[in-house]
Amino acid sequence: MTEVVTENQPRRTSPPMLSFQSLTVAYTGSPVIDELNLDIQDGAVVALLGANGAGKSTLLRTASGLLAPRAGRVQLDGQDLTSVAVENRVRLGLAQVPEGRSVVTELSVDENLHLGGLWRYRDRSDRNAAVDQMYEMFEPLWRRRMSLGHELSGGERQMLSLARALISEPRVLLLDEPSLGLAPRVVAQLMTLLRETADRTGLTVLLAEQNVTSALSIADRGVVLGLGEIVVDAPAADLAADPALRQAYLGF
Amino acid sequence: METFVFLFATGVSRGLVIALFALSLVIIWRAARIINFAQAAMAIVAVFVAFTVVGLTGSYWAGLIAALATGALLGAIIERGLIRRVPHVTPLPGMIVAIGLVMVLQAGLGILFGPEHRPVQAPFSESPFVVAGIPVLSPYDLFVLVVALAVLVGLGLLFNRSTLGLQLRASAVAPEVSRLLGVRVPRMVTIGWMLSASVAALAALLLVPTELGLSAHSADILFVQAFTVAVLGGLDSPIGALLGGLIVGVLITMVTGYLGAGYAPLAVLALLTAVLLIRPGGIFALKEARTA
Ligand SMILES: Nc1ncnc2c1ncn2[C@@H]1O[C@H](COP(=O)(O)OP(=O)(O)OP(=O)(O)O)[C@@H](O)[C@H]1O
Ligand SMILES: [Mg+2]
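In order, the protein sequence lines correspond to chains A and B.
Using the working numbering, read the first sequence as starting at 29 and increasing by one per residue.
Using the working numbering, read the second sequence as starting at -12 and increasing by one per residue.
No lab work stands behind these hints: they were computed from the structure.
Nothing here was measured: the structure is a model prediction, and the numbers come from that model.
All C-beta atoms in this analysis are idealised placements derived from N, C-alpha and C, irrespective of residue type, glycine included.
There could be a bad hint or two in this list.
To be verified - Partial pick of chain A residues on the chain B-facing surface, computed with a CB cut under 10 Å: (1) Leu66; (2) Val112; (3) Ala123; (4) Ala193; (5) Leu255.
As the list claims (entries may be wrong) - Quick list of simulated restraints, FRET-style, between CB atoms: (6) B:Glu103 / A:Ser111: 40 to 46 Å; (7) B:Arg67 / A:Gly81: 36 to 42 Å; (8) A:Asp270 / B:Leu151: 51 to 57 Å; (9) B:Leu151 / A:Ser153: 37 to 43 Å; (10) B:Leu263 / A:Gln238: 54 to 60 Å.
Said to hold, decoys possible - Per the computed footprint, the stretches of chain B lying under chain A, defined by three or more beta-carbons under 8 Å from a beta-carbon of chain A, are: (11) 145 to 157; (12) 161 to 168.
Excised from the complex, chain B in its bound form (with noise of 0.2 Å):
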């Protein structure tokens, strides 16, 4: 029962994480209709310009900032610069190129930093608070949950209460009438990178302190699991990535604390393969097709 609170608090925690970058694909695919296999590269660019500051000023806030503007400029670069001059007749080439940046932006952190783990300190103690005698969930594990609900229901609302987020909603699944409705679609596409590398890059940096410390690789089975989600959920559906995320964050914990790490993955590949089974769309995948 003791370990079944604990192992369920930080599963939660982490199944928030892995929501964020579920979430953060999800915006991209609909914004651009793109997987973005680069996703994970980019957001490590942002923790290691975060965690550079952190080092310069002493401000984990300061560090935090960095991250999430550097993700959002990323974004912006990315898509101006590479991703919009890629021909968009089918999602391959997109695709190709953004894996094709993926072993840029790692080379490039391997050659700055070196590939060992670099040791990082977490804002607050990672030792679980005790109530009643049992363990519950560290205070950085609070501070995670607390960054990333606040973040799901900013995005939230940002999407369903303000005209930018019409905009982006409409542009999404109907480009040329938003066009046509005066909606600037091509600024949007640029938004939605922006708004995904900075919600992939806050989701890498929440991950790195409970990880083995920070590499050009942190971030990747960040990535594998978050895709996962993303499939999972639908990959057009916000609702269906947080699901998913809780489903697998608490699924993989649940299997690491009483079967053993190594059966974690195993366990996620079973989850994709029966949904997948089940309903190849994703659960939460949208029934209407899309209009023009």
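Isolated chain A (complex conformation) (with noise of 0.2 Å):
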């Protein structure tokens, strides 16, 4: 279960964990993202920034395989996905937490967290162990077990988004404005949970934020999306301290 980290591996030849080339996305008429490249480095927490609009969602979409670009690729650890269906995608390791309340409303909390275990888990007393391992991180959720998904409260919600997509033990986790709607105190939680994840496990994690100030504390890196290009990328450190960065991009 634990990830095995080889050191002898020559880091600099082994291809970046999620990788997007010369990327395009349109809805129709013009594009979205514009020609982005993108590089994202294993065990990497990067922030993604910009505006309402800007793209953010529309990338992370473009990513998990919800849309297809109009030109270039998204890669995988060297694994071009353009031909991976979505839930294809999700089996290589990609795992993405989408915009909003995501939770089958009509399902209890442990169905959500057995379906999102199902693929991975093949044996139910393997995934048994797994939605308990998912309790132990995430403890308001084991009270709420039995409760259907519309009965949560957005909290709730959006944990449990996060811990049906950490049940499959992704590579990479593309998460959609996950502090939506929650007070800043669960943000901070949840926040400090998923660096805690990315520390222990390796995970790779992709954040599209809203929230600025939340999502640089965890990051390593930011990246500033503006008009379907990337405007600024810099360690999230110097983005945070840097007033004039974040007056000119972030609006702060």
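Each chain sits in its own coordinate frame; assemble them with the hints.
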């Protein structure tokens, strides 16, 4: 269950964990993402920032395969994902927690978790163990395990969405605004948990957020999108500390 | 009193067949957001195959299995070959294609088997048991009751206790999220169609011996009744289909028994109108809005 890090592997020559190459995405008309290039190294936590409509969700949805790019490609650990269907990308280790409250509201908390672990754990007892592990990580969910999705609070739903993605032990996690609608204290807890998970398991995280301060507080690197292009790409600490940068690109 | 017991027992048996058929409509609705108007025609094709098999093998059980298998096969072929290729932006194109399919299937059956009702043999006697001087229900009705109940329980277990059922339920209400979690949603849609068509074929098979006989239109009334039930119960609600089927089955049998067969469709229509006035979404309609 724990990742074995082979230290003798030459890091420099290994491909980036997630890579967007000359990616162009459009709904109708002009591109929303335009010739974008972005490499994310294994184990990095990257904050994806930008104004409303900048294209953050679009980029994540293209990575998970929900949207097909007009041009360019997405690679996971060197493998081209162009012809890999959504349901198979997760099998390669690319998980997405989509925007909004993505809990299946008609299923119970327990069923939501099992659903997330289905392809990964064929054996029922393995799956039960994985579900139990999630309950240990997210204690509030344990108390609500028989509740239906629509009976949960916003914070509980976000927790469940995250747990449901983590249960399959992905290599890359795409998160779309997990802080949306949550109390500041819950956001802080969620971010801490995310960072701890990344540190413990070597998970690579691409975190789209409007909550810039929270996202930068746990990220290694901040990438700011503007009109479909990357306008800033800098270490998270620099971005958080440099008032001029913040002022220019994040508006505060 | 004696008439009541007999009509009630027969009505329950009849109601379970309607419930099965209604449930088949609910399964397809949940899997594909389509009201499959071709359900009766598809089911009756499977029943024709079943009685052909019965004729060849002399075994009713071989026929029953043939009905289930043909239903599943037809469901898969029609979903993969036809419905999947129709645009899904609104439910309308799919429904229109289904109506076209009804014409093709029924015309095909007419050409192959002719327009007349072919008599079919029930596997058990259709004259009622008599308990303490009161006729209760026939062995065939009892058989229908047991088979329908077994299938209903089996479906309940499949949907609520198995991992396949979990995936079927999830992809019905949240296809996009399900795909992100690795559920093969297109496959689930096909399985939904197969299950549904199989259950409908079984319902039609059980019904035919109690009706005039087998023709291309033998299941048309069953479809109308089951459709009423599905709307009554809420198209998304399996429990609604079961209870609605029982209510309509008993109602039809009672009205037919006490007032005459001519009043039964009117009674069903009156019930439908009343329910739609009180609860437009159906009695057991889900309150929660569905997720993307
Ligand atoms: N389904 C769609 N059809 C057409 N245009 C869309 C669609 N979804 C998004 N867009 C457009 O694409 C652009 C980028 O949207 P996107 O949702 O990726 O932005 P975002 O950075 O996630 O914004 P937010 O912070 O508000 O979530 C916007 O101009 C939006 O209007
Ligand atoms: Mg967004």
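To see whether the hints hold, each was checked on the structure:
no.	hint	result
1	Leu66	violated (21 Å)
2	Val112	violated (12 Å)
3	Ala123	holds (7 Å)
4	Ala193	holds (8 Å)
5	Leu255	violated (26 Å)
6	B:Glu103 / A:Ser111: 40 to 46 Å	violated (54 Å)
7	B:Arg67 / A:Gly81: 36 to 42 Å	holds (39 Å)
8	A:Asp270 / B:Leu151: 51 to 57 Å	holds (54 Å)
9	B:Leu151 / A:Ser153: 37 to 43 Å	violated (18 Å)
10	B:Leu263 / A:Gln238: 54 to 60 Å	violated (44 Å)
11	145 to 157	holds (count 5)
12	161 to 168	holds (count 7)
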